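J.: Kindly produce the complete structure, drawing on both the sequences and the hints.
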Amino acid sequence: MNGMQLSFTMAGVTAVLVGTWLVITFNRLVAMRNRVQNAWAQIDVQLNRRHDLVPNLVETARGYMEHEHSVLDAVTAARAQAISASNDLAARATTESMLGGTLGRLVAVAEGYPQLRAAENFKVLQEQLTSTENRIAYARQFYNDEVRKYNTSQATFPGNLVAGMLGFSPKSMFLADEADCSIRLLSKNDESGRGEERG
Amino acid sequence: MGVPLALVITPLMYGVGLIAADVVNLFWPVPAEFWRKAGAVAGFGKVALDWLVQQKSADPQALAVGAAVMLVPGMLFSFLLWVGLVRLLRRSGSGGALLALAAREPLPTVLKELQLADVVQEMAIAAGLPAPQLMLIDAPGANACILGAGPENARIVVSRALLEDLEREELEAILAHLLASIGNGDLRIAVRMTAVFEACGLLLAIINAPFGPQARRTLWRLVRCWLGSGSDDPKEQAAIADFLTRSAGLETDDIDRFMDPSGKKSVLRSLRNFLLFPIFLTNLAIKLLLWVFLSVMVGPFLALLWRTRQYLADASAIQLTRNPDALARALQKLSQEPGQIPGGDWAAHLFLVLPGEGVGHADNSLSAQQMQTLARVWLASAPAGTQSTWATAGNFSAVSNQISATVQAAISGDVQAMARLHAAYHELTATDPQLAAQVPNPDDLVSARHGDFSAMTRLQAVRRNQNQKASKDDSAGSQAPSLIDFHPPLKRRLNRLAKLGAQIHENSAEPKARIVVLVLSLLLGPFVLAILALLLLLIAILIMASMTFVAIWLAVIHKLFALAGGVRIG
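Protein chains in written order, with my numbering: chain B, 64 to 262; chain S, -12 to 557.
Just so you know, the hints here were simulated from the structure itself, not pulled from any lab data.
Keep in mind that the hints are not guaranteed to be accurate.
[Stated by the list, open to error] Within a straight-line C-alpha distance of at most 27 Å, the following computed BS3-like cross-link-like pairs (lysine-lysine) qualify: (1) B:K212 / S:K99; (2) S:K486 / S:K320; (3) S:K320 / S:K99; (4) S:K99 / B:K186; (5) S:K320 / S:K546; (6) B:K212 / B:K186.
None of these values were measured; they are calculated from a predicted model.
T.: Written out as structure tokens, the structure reads:
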């Protein structure tokens, strides 16, 4: 084989190798991006679950603390707002944390009504509520973990050379905000005992 | 699998093949070509043996073929057994295991169980896995395990006592560990590992099959399972549960019973024993081999592998909960008490801590008459029209399984099953109080659900009695033979957790004890090695003897067939 053919062959082989690497990298990044989107959708699922729990909770509480109008109405209003803001991403963050805040206030007020606290169905509802808050927190944590993996993948060498060209941009993580702290700190007093911030 | 094991199995396989050929020869004359080929194959084998035993020099190629001839059939057979078991376990192993453990669904009415279900869901979200099905056991030992073939159909089994002992955070940590284990693919590894141990048990069952009705029945049900398609068939699951809890232990065999039945010794029996001596010897050789093989070679290797997975699961759990202290505390709490789970011995490696002995054995072996009475009463209490064909008064283990299944159903809320239990229990207390200890008190079942510890202990004693009838030795499981424990030692686990950020409050550090152990092991080391070498020598002798006997025996039978053929033709 003379020099020309040799260099052609080598160029061909190199092209095939680079092409394979490109394909593998692209697929990997696509898979990771899909996982990130899936994780985001999971958060949605848990937020909707919280929406569904609220009416039952409010009705049970209303049976025992009828004159606490302000708190109960605030919860109902916040829920309505959260549901209506489902499509707008920016507004959604605000409405959801407001809902979390009002729920926290409701739980705090319910502490002062021992009969309500002792009622079986309220215990179950409270457990479901605390669990939902936990699930939202864990869903966010999972989302953050996936975003971290994705960001790392598309920023490390040699992937970063082509990530921009192929259309992969870094995604942002969830950060804790003030309103979300409220319900977790307030739940410290109940028997489930989860009072810690999650990161 | 083991070379020595193959050496023992192969002659038997050849023997079976030759006898089959002989039988066929009686009816249709097999071409002489076949016998010549067989002779050539045997010649190769003889070359290999001569090289090994008498150090006669041999052509390497012939040697290789000879070695292949001697080893390959046995190895192939064992490998096929293992593959078959993996398939079986993957399909319905978890169902059978759940039956053996008497696991039940969590009740939505009990708040703690609701919390547990919620925690499982939360951890599944954190891990990004589909939430596994949760099952509970009413046992006083605090323990938990995972079952299944993969993340899609995984199940978590938690004992009720675990709920009582641990706080919320620690429960989260433990469940995170279990879920992380599932996510890391430990279930596939566990199925393969369990299959290795069970394959040994299966081998023993096959050898025992010509002699004992028990082994035959177990084998038959296993074969039916393997050929069947349903994974939810309760009979199939019961068969697997039976197989797992009984034949994994190397306990007294049908062969021993066959050889030496209680009572009369007659000349005929002795003659029969003498004739069947090679099989007996093979059985013994295989048992000894399996014991050494499992404890010294395969066992520790698998144990170390499994420990690595446990460390990984610990680290993943911390990544999920971001709370190393809770996991450390939980592990410390769990290691303090024996987490005994009746019926879980064969799967000890899957549990968080070793299911220990705990409560002492009550010596409750039933006489044959008592077994009959129990079976009769139980069958009489069956609602009209639901007699099953495979549980009869004579088949006691089937009756025992049916009792377990009914107890399960009663726990899950089946009113008919509960009524039947009530009837049977009252009848038994009236007839024979000792027998009543074999059936759980229905009221205990109800109170155990709500965390009544004395009820749980009573229930566990009943289960122990039930298991004792089936297997003589309760703590012999597939776990027992390994010299190295499958569970990582607590100290090492805590050390690793401390590196990951946990703050651990040690009770006592005993450096002096460690030095003593070190010195002792150095002193005793050579002795142990010597004993091991002797053991291996013994095994080698046994193998040789077994092969010789089988060869003689086969030659005699072949001659007999040849004579019979000759008489018939000529």
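J.: Given the hinted pair K486 (chain S) and K320 (chain S), is their Cα-Cα distance within 27 Å?
T.: Distance ~20 Å between K486 (chain S) and K320 (chain S) Cα, so the pair holds.
J.: Straight-line Cα separation of K212 (chain B) and K99 (chain S) no greater than 27 Å?
T.: violated (36 Å)
J.: For the pair we were handed, K320 (chain S) and K546 (chain S), check the Cα-Cα distance against 27 Å.
T.: Outside the cut-off at roughly 68 Å; violated.
J.: Does K186 (chain B) sit within 27 Å of K99 (chain S), going by the straight-line distance between their CA atoms?
T.: Given that 27 Å is the threshold and the Cα spacing comes to 11 Å, the pair holds.
J.: Does the structure keep K320 (chain S) and K99 (chain S) at a Cα separation of 27 Å or less?
T.: Holds, because 19 Å separates the two Cα atoms, which is no more than 27 Å.
J.: Quick one, are K212 (chain B) and K186 (chain B) close enough, alpha carbons at most 27 Å?
T.: violated (39 Å)
In this structure, the hints that do not hold are numbers 1, 5, 6, in rising order.
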